[in-house]
Amino acid sequence: MTKALEFEIHHRLNGALARTGTITTPHGTIQTPAFIPVATQAALKTLTPEQLEATGAQAALANAYHLFLRPGHELIDQAGGLGEFMRWSKTTFTDSGGFQVMSLGVGFKKVIDMTGDGEANVTRKKDKLAWIDDDGVTFKSHLSGDTHRFTPELSMQIQHGIGADITFAFDELTTLHHDYAYQVGSLDNRTHPWAVRSLAEHQRLNEERSHRPPQALFGVIQGANYEDLRRKSAKFLGDMDFDGYGLGGALEKSRIGEIVRWMNEELPEGKPRHMLGISEPDDIFACIENGADTFDCVSPARVGRNGALYTKHGRVNIRRQEFTADFRPFDDDCDCYTCQNFTRAYLRHLFQTGEMLGKTLATIHNIRFIVRLVDDIRASIANGTFYEFKERFLADYYAK
RNA sequence: GCAGGGUUAGUGAAGUGGUCAAACACAACAGACUGUAAAUCUGUCGGCAUACGCCUUCGAAAGUUCGAAUCUUUCACCCUGCA
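So for the first sequence, this note's numbering puts the first residue at 1; every next one is plus one.
It is worth saying that the hints were derived from the structure and are not from the lab.
Hints may contain errors.
To be verified - List of simulated lysine to any residue pairs, SDA-like, C-alpha gap at most 20 Å: (1) Lys90 to Thr46; (2) Lys271 to Gly56; (3) Lys235 to Arg197; (4) Lys232 to Ser299; (5) Lys312 to Pro329; (6) Lys90 to Pro26; (7) Lys128 to Thr175; (8) Lys235 to Asp188; (9) Lys271 to Ala382; (10) Lys45 to Gly72; (11) Lys235 to Leu251; (12) Lys128 to Tyr182; (13) Lys128 to Arg149; (14) Lys45 to Arg320; (15) Lys312 to Ile9; (16) Lys90 to Gly28; (17) Lys390 to Thr311; (18) Lys235 to Leu199; (19) Lys3 to Pro214; (20) Lys312 to Asp282; (21) Lys90 to Asp375; (22) Lys312 to Glu388; (23) Lys90 to Glu8; (24) Lys140 to Gln41; (25) Lys271 to Ala16; (26) Lys235 to Glu266; (27) Lys359 to Thr40; (28) Lys359 to Ala345; (29) Lys271 to His27; (30) Lys312 to Asp283; (31) Lys312 to Phe393; (32) Lys232 to Gly249; (33) Lys90 to Ala54; (34) Lys140 to Arg70; (35) Lys271 to Gly72; (36) Lys359 to Val316; (37) Lys45 to Lys271; (38) Lys253 to Pro214; (39) Lys359 to Glu266; (40) Lys312 to Asp333.
Hey, can you work out the whole structure from these sequences and the hints?
Listed below in structure tokens is the structure:
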């Protein structure tokens with residue numbers, strides 16, 4: 001193919017923005033909606049590519065910030081690109097690194113405070129490592145303390161070096177404590193101008209690097225919880241020549257569906273929309289219902305590594321004493337490798353003893369659980385049972 | 001037999017007259033984790049009580065003292081030198 005990305009819509013849900021479709025990139029086709037697991041440093045922690053593929057994952061998302069620091073985007077370019085480097089033949093994404101770099105600016109460090117009323121207070125003190133201006137972000141590496149500077153241009157150069165099929169524009173991380181005036185300034189002075197610069201650099205790099213498969217670029221919409229800002233941002237970016245859109249952070253969980261709807265009512269229908277950093281079942285339903293096509297999130301993997309496994313009745317901590325002699329599969333409805341082969345007692349034992357296999361098996365289960373949930377939602381949109389499925393699933397999952 | 005050292009909560013280990021139900025670590029128990037500074041973090045951890053607090057503890061017994069895990073005596077067990 002000569003195009004970086006093609007998006008086709010197959011089914012639409014009556015009365016809502018939800019749709020099913022396919023995203024095709026030079027490395028394959030993704031049936032949407034889809035959950036995209038996160039392989040931040042060109043690896044999904046604890047899994048081999050074969051194990052990841054067996055979960056049904058159709059793509060993986062890595063991070064420009066982490067790969068810039070180690071091993072460096074030039075090295076990945078030399079290796080033949082991200083997919084070749086990590087031996088993942090399907091579609092790849094990279095996040096721009098903006099979120100990571102700017103989160104250093106609001107990062108927290110554990111501090112023990114012995115002042116005050118004489119009691120030791122363990123607090124989390126701000127440990128600022130990033131400074132933002134309208135041109136870019138200066139930051140210190142969390143690894144070495146070296147100072148670096150990211151601009152939209154450099155982020156695109158890094159992402160082209162890494163060579164993922166789908167890349168994201170460099171945007172500003174805002175948080176909920178930023179007020180309306182700050183959010184306006186963030187859009188007008190940074191996220192939007194940076195989107196223009198990201199797109200220009202991206203187009204230049206796609207031409208310059210015509211020996212490589214063409215890459216796609218998604219613009220990232222911000223605007224926090226403000227309807228006018230979300231619509232304005234979606235309109236502004238929607239008029240630009242992006243291949244798709246990222247729906248970005250700083251939103252109130254309880255209003256997530258509504259906020260996603262504002263954006264998607266303004267965006268061009270024929271381009272895919274990626275919800276950044278979301279994986280809780282209630283959020284996934286809300287976002288898909290309101291027109292999101294793909295999701296990524298570290299949570300299923302991280303939470304799994306820390307011993308919490310998804311079940312149809314909610315998250316459960318596998319280390320609980322009650323599983324000591326429980327020889328049933330973890331979730332008897334689950335078709336994953338872990339549930340097909342191992343008992344709760346064994347999984348608990350692996351976590352109690354700190355065996356690495358426990359983390360692997362829990363990660364396999366959790367990734368499969370969310371991938372399959374989104375696959376099931378896709379099927380329910382196609383056959384018209386979305387609302388029944390949603391109601392049934394969420395009632396079970398969040399039942400006390 | 002002589003001389004010296006030791007015995008603290010599930011385990012290891014601080015603590016040598018009051019601020020000690022007793023640091024710290026591990027184990028155990030419970031919880032958190034949403035564009036990964038996360039194989040991380042938080043809480044509980046003698047008994048009863050939501051809590052204020054009350055009760056029983058620092059090998060055993062008997063003492064000294066207003067007050068003992070901390071000092072004295074005897075006993076038990078363990079370790080190290082010399083015989």
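For each hint, the structure was consulted:
no.: 1; hint: Lys90 to Thr46; result: holds (19 Å)
no.: 2; hint: Lys271 to Gly56; result: violated (23 Å)
no.: 3; hint: Lys235 to Arg197; result: holds (17 Å)
no.: 4; hint: Lys232 to Ser299; result: violated (30 Å)
no.: 5; hint: Lys312 to Pro329; result: holds (13 Å)
no.: 6; hint: Lys90 to Pro26; result: holds (9 Å)
no.: 7; hint: Lys128 to Thr175; result: holds (15 Å)
no.: 8; hint: Lys235 to Asp188; result: holds (13 Å)
no.: 9; hint: Lys271 to Ala382; result: holds (19 Å)
no.: 10; hint: Lys45 to Gly72; result: holds (19 Å)
no.: 11; hint: Lys235 to Leu251; result: holds (18 Å)
no.: 12; hint: Lys128 to Tyr182; result: holds (19 Å)
no.: 13; hint: Lys128 to Arg149; result: holds (15 Å)
no.: 14; hint: Lys45 to Arg320; result: violated (24 Å)
no.: 15; hint: Lys312 to Ile9; result: violated (29 Å)
no.: 16; hint: Lys90 to Gly28; result: holds (6 Å)
no.: 17; hint: Lys390 to Thr311; result: holds (15 Å)
no.: 18; hint: Lys235 to Leu199; result: holds (16 Å)
no.: 19; hint: Lys3 to Pro214; result: holds (7 Å)
no.: 20; hint: Lys312 to Asp282; result: holds (12 Å)
no.: 21; hint: Lys90 to Asp375; result: holds (17 Å)
no.: 22; hint: Lys312 to Glu388; result: holds (16 Å)
no.: 23; hint: Lys90 to Glu8; result: holds (18 Å)
no.: 24; hint: Lys140 to Gln41; result: holds (18 Å)
no.: 25; hint: Lys271 to Ala16; result: holds (17 Å)
no.: 26; hint: Lys235 to Glu266; result: holds (6 Å)
no.: 27; hint: Lys359 to Thr40; result: holds (17 Å)
no.: 28; hint: Lys359 to Ala345; result: holds (15 Å)
no.: 29; hint: Lys271 to His27; result: holds (18 Å)
no.: 30; hint: Lys312 to Asp283; result: holds (15 Å)
no.: 31; hint: Lys312 to Phe393; result: holds (7 Å)
no.: 32; hint: Lys232 to Gly249; result: holds (16 Å)
no.: 33; hint: Lys90 to Ala54; result: holds (13 Å)
no.: 34; hint: Lys140 to Arg70; result: holds (14 Å)
no.: 35; hint: Lys271 to Gly72; result: violated (31 Å)
no.: 36; hint: Lys359 to Val316; result: holds (14 Å)
no.: 37; hint: Lys45 to Lys271; result: violated (31 Å)
no.: 38; hint: Lys253 to Pro214; result: violated (35 Å)
no.: 39; hint: Lys359 to Glu266; result: violated (42 Å)
no.: 40; hint: Lys312 to Asp333; result: holds (8 Å)
Checked against the numbered hints above, the structure breaks hints 2, 4, 14, 15, 35, 37, 38 and 39 and satisfies the rest.
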